[in-house]
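Assemble the dimeric complex from its two separately framed chains, guided by the hints.
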Amino acid sequence: MSALLSVRDLRVEFATSGGVVTAVDGASFEVGPGETVALLGESGSGKSVTAQAVMGIVPKPAGRIAGGSISYDDRDLLAPGAAKGLRGREIAMVFQDPLSSLNPVFRVGAQIGEMFRRHRGASRKEARAAALDLMKRVGIPAASKRLDDYPHQFSGGMRQRVMIAMALALSPRLLIADEPTTALDVTVQAQIMDLLTRLQAEEGMSLVLITHDLGVVADVADRVVLMYAGRVVETGPIREVYEHSGHPYTAGLMGSVPVLDGSRDRLIPIQGSPPDLLSLPSGCSFRPRCRYADTLCAEQEPELLALPDRPIGHRAACHHPEGVLTDVG
Amino acid sequence: MTSTELDLTTAAPVPVARRRTRAGSARIRFGLVVIAVYVVAAAVGPWLVRYNPVDTRTADRLRPPFSRLSDGSFAIFGTDQVGQDLFAQMLQGARISIAVGLATLLLAGTIGVTVGLSAGYFGGWLDGVLMRLADVQLAFPSILLAIFIAALLGPSVVNVVIVLAVSNWVTFARVARGQALATRRREFVDASRTLGAGTWRLISRCVLPACVAPVLVVATVEIGHVILAEASLSFLGLGTPASTPSWGVTIANGRNYLADAWWISTIPGIALAFLVVSLGVLGDALRDRYDPRLRSL
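Residue numbers (this note's numbering), protein chains in the order written: chain S, 1 to 329; chain U, 330 to 626.
Just chain U, same shape as in the assembly (with noise of 0.2 Å):
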């Protein structure tokens, strides 16, 4: 049975040194560039092509994509009921959309990772009134919530943000919660208070800097749903005003030419269901190589 042997040994050889691609390389790269894409187009597109809010060429209304207008100028994508180019509004709406997108994730954070650390470190009392109340807001949906508070202050874009950050906080809080319940028991927390630290100095220290990982794929994956919210909420009229034509609003103007001019709201929809789904798949990539409780699959 020797040649048997012999077989299963010359028949496995050992990979020895396997190249390791870490988890998810393609998706963060993938992410990265599409977002890449939109943050330029945001910064530099409103510069290279003009958008006036009030401008209207009655001539040059509801032109399809790929058409010439009056003036001699080319509609990639066409222009909407007042004869608006639609390509540079979108590029005057992506600068909005990603403004308040990230306006909010640091308003959010901010609070929610204060209050998470407030939670987690101290626990006891502080720890079930500010946990229970995180419970109560989550027990609304949020958007239902964003739309009762954008009611009472009004349309505009720092009230957007502020309605945003106010639904949003509580994931943020829950994260750092759990971080900080994690490493404030650990042992160089102990070891950092035996050689003089203080509780201001322990948690910016030890217990902050745990959270910022998972804290950073949480916010990648919520400005999604941010940017996503936003949209939705001016949709509806209560979000960013039509002076400030974000998405939502593109998308809500084209709502009426449905039939006749369907690339208003088709094209914005289809911008920002990709920019959507582009952080969604970078923010899973991250969860996916940061953090620990994946890691062993």
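Here chain S stands alone, though its shape is the one from the complex (with noise of 0.2 Å):
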């Protein structure tokens, strides 16, 4: 299966008061098409900025590409301007904060529209059609009603809709989704979970989920990539990677989610806290807070491997993935 995008040694870095800070630091992975990805990860790993540079919005001056290639359909993202006709028509993106993503000054059915008129010279009369067939795809009632509302009369639920709407209206080949529930309530994100999943099935597009929650993609993506301090540390498929974690942060973010039929006493934290970027650990950058960490962890840095005995595609940045292993199972 040849990968419709593909991630190879990206690194991109901002500069700060305090230094360079390498936000994303030789991450690889791949999506396929059809395929949902999750991109796990706490604050600060570099998942946002990720998507940020596949989109091509990395915010400038501060952000820059350092390195890496970025390729879809073959075609090199990074060249410039290649990304130009790409945006909007084949791939797309659904943000945190449907507020903000929003633009306050234009009613929801003319900014929907707008993909319609900008791209495919519909003209307005077409465009206000297209955007009520996608709001009611969305499953916005009233849609009708709603079109000349503008996005601060939307519910937060709503407004992701409506901003789901924009990105599929051109039915593009990948969708990024960045935390496209993080800002809802619980209801909500489950509803959002399954809108988004419906229109994956029914357009056949890939998908990227970007996320810090588990429990979110769990029963939705088919590969997860795990990040922490701007590397990708474990990658493989969603219950492989959780039922048999090869990376002691990935260990560790298991044993720290509560399980509802109460079979586990005490959650088990991870120690520490999450990395300063600034002053990453020699080595291995999780070592600080990992059991496992021996004199090579902080000497060299593991490199992402396949993981002995377990199916392709499970692997792991981690010099003892057998002791991890070992206590999981």
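Take the hints with a grain of salt, since some may be wrong.
Here are the simulated distance ranges between beta carbons [stated by the list, open to error]:
#1 U:Ser354 to S:Thr182: 38 to 44 Å
#2 S:Pro80 to U:Leu435: 37 to 43 Å
#3 S:Ala15 to U:Arg461: 22 to 28 Å
#4 U:Arg461 to S:Tyr150: 27 to 33 Å
#5 U:Ala468 to S:Pro281: 48 to 54 Å
#6 S:Pro61 to U:Leu462: 36 to 42 Å
#7 S:Gln300 to U:Ala511: 42 to 48 Å
#8 S:Ala298 to U:Val465: 55 to 61 Å
#9 S:Pro288 to U:Gly453: 38 to 44 Å
#10 U:Thr439 to S:Gly272: 53 to 59 Å
Partial selection, computed: residues in chain U whose CB lies under 10 Å from chain S [as the list claims (entries may be wrong)]:
#11 Gly452
#12 Val518
#13 Gly525
#14 Cys535
#15 Val541
None of these hints come from the bench; they were simulated from the model.
We treat Cβ as the ideally placed atom computed from N, Cα and C, and that holds for glycine.
Shown next as structure tokens:
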């Protein structure tokens, strides 16, 4: 299966007053056609910056792509001007906060319709009709009445539906959703996730779900890419990674998730605090919080390697995956 | 101590539905009414009261306000040194002053918003060059600059508009730049970009709409300054020519007769001051209402 989106050794740097921060440090992953990939990680792990790099919206002038490649359908997305024709038509993005990602001064019908007017040359009337269809498709009640409302008149969940409608207007082949449910109520979260998976199935598009919530993606994603301090620490089929974690960070995350049936007495937190990207430890950046750490971890940065005796595609960046696997299993 | 508790609850009833008036409603209404009167007078007045700039009636010269002229007409504001009815002259002047003010704002606003948006949106060296230019311009007293350019171009209504636009665009540029800087990193701009919007569309659909309200507020404050500056230029003989008697020209004409005929300079002066103050009040009230930084006060 040839990949639709392929990110190789991506490095993104930000110039800050304290020095240069490498927000993404050599991240590589692939997204196949029709596949759902979850990009997991805590705040500051570089997952959103990776998405920004793919969309070409890394904040300038502070941020810059310092190395690596991003190719979409065998086209180099980092080449000047390459992304322009693809954005909106082939690749689209849904943001975390649906209120701030909608233009406050235009009616939602006009904003959705503009996608058709701009890219398809539709007339005002055609665009309006198409916008109405889309709003019905994403499940906005009384869509014909709400067409002329402004974004602030919608509830959070409805705004996110509007944003999804805009992103899906031109039937893109790849949708990147950057924490699409984080700003929403729990019940609305489930509705939006259902909507996204339903639309993905209908359209046959690839979906990259960026989140810090393990539960949100558990039933939805095919594969998972875990990031820590700008690096990919583990990747593989989601059930495999969840049940047979090969990296102590993943294992730690799994141990800190509450279980509904109460079979777990106490949650086991990950010791220590998230890394300071300005002064990362030598070698493995998870080392200070890791109970498997030894001198090798301090000297050498682990590479993302296939795990022994595990299915193909399950890889982890750890010097001691055997110990982790044994303890988890 | 239950009695005091009871007292407390009864003595301080929470005003459930206190009527809230929005900031500065009265001032906005006052400003709008005064300006409307001036605009109507300027638009309709010269048709009702004829004014001919080359008409001279020596028999009626320097008549005080409320006097009857030799042809039986009534001069409510008196006459000037060549027997012209001051009221007719002022209506004509209102037309010129307001027209010059609006035209100047349009020109200065277009230049300023264009410069400010480019500087704020693109940033970098363009921002540096344009804003240093604005700083240099601000370092000169604007009336001095206006006098200098007016002396070069010569007096005419069009030149006055150009001169005043050149000395007023900076304010618009600064406001537009500030809005562009604040808006361009907003998430919906990124969202529009990810959905395929180009630079031009981002500026016209995302950044420009955010500038409209603050630029209108600035325009209201500035129009008072512009009308005053036009009058100053005309007073100095560098503004509109004598055949188009703006208020500045009329005030200048009366300067030599202040001892004998105070009304020639005084009445247009009061009219001018009242308009400028009303515009200032309106501008301040609009800023109080729409400037988000003042909203918490």
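Here is how each hint holds up against the structure:
Restraint check, serine 354 of chain U to threonine 182 of chain S: a C-beta distance of roughly 40 Å satisfies the suggested window 38 to 44 Å. For the pair proline 80 of chain S and leucine 435 of chain U, the beta carbons lie near 38 Å from each other, so the given range of 37 to 43 Å is met. Separated by about 24 Å at the C-beta atoms, alanine 15 of chain S and arginine 461 of chain U satisfy the suggested range of 22 to 28 Å. The given range of 27 to 33 Å is broken by arginine 461 of chain U and tyrosine 150 of chain S, whose C-beta atoms sit roughly 39 Å from each other.
Checked against the given bound of 48 to 54 Å, the beta carbons of alanine 468 of chain U and proline 281 of chain S, roughly 53 Å apart, stay inside it. A C-beta distance of roughly 22 Å is found between proline 61 of chain S and leucine 462 of chain U, which places it outside the suggested range of 36 to 42 Å. Taking the beta carbon of each, glutamine 300 of chain S and alanine 511 of chain U are about 46 Å apart, inside 42 to 48 Å as hinted. For alanine 298 of chain S and valine 465 of chain U, the hinted distance range of 55 to 61 Å is satisfied, since their beta carbons lie about 57 Å from each other.
The hinted window of 38 to 44 Å between proline 288 of chain S and glycine 453 of chain U holds, with their beta carbons roughly 40 Å apart. Look at threonine 439 of chain U against glycine 272 of chain S: about 58 Å separates their beta carbons, and that is inside 53 to 59 Å. With a least beta-carbon distance of about 7 Å to chain S, the hint placing glycine 452 of chain U at the interface is held under the 10 Å criterion. Given the 10 Å rule on beta carbons, the hint for valine 518 of chain U holds: about 8 Å separates it from the nearest Cβ of chain S.
Because the closest C-beta pair between glycine 525 of chain U and chain S is about 3 Å apart, less than 10 Å, the hint holds. Hint status for cysteine 535 of chain U: holds, given a least beta-carbon distance of 6 Å to chain S, under 10 Å. For valine 541 of chain U, the interface hint holds, the least distance from its beta-carbon to any beta-carbon of chain S being 8 Å, beneath 10 Å.
Hint check: violations occur at hints 4, 6; the rest are consistent with the structure.
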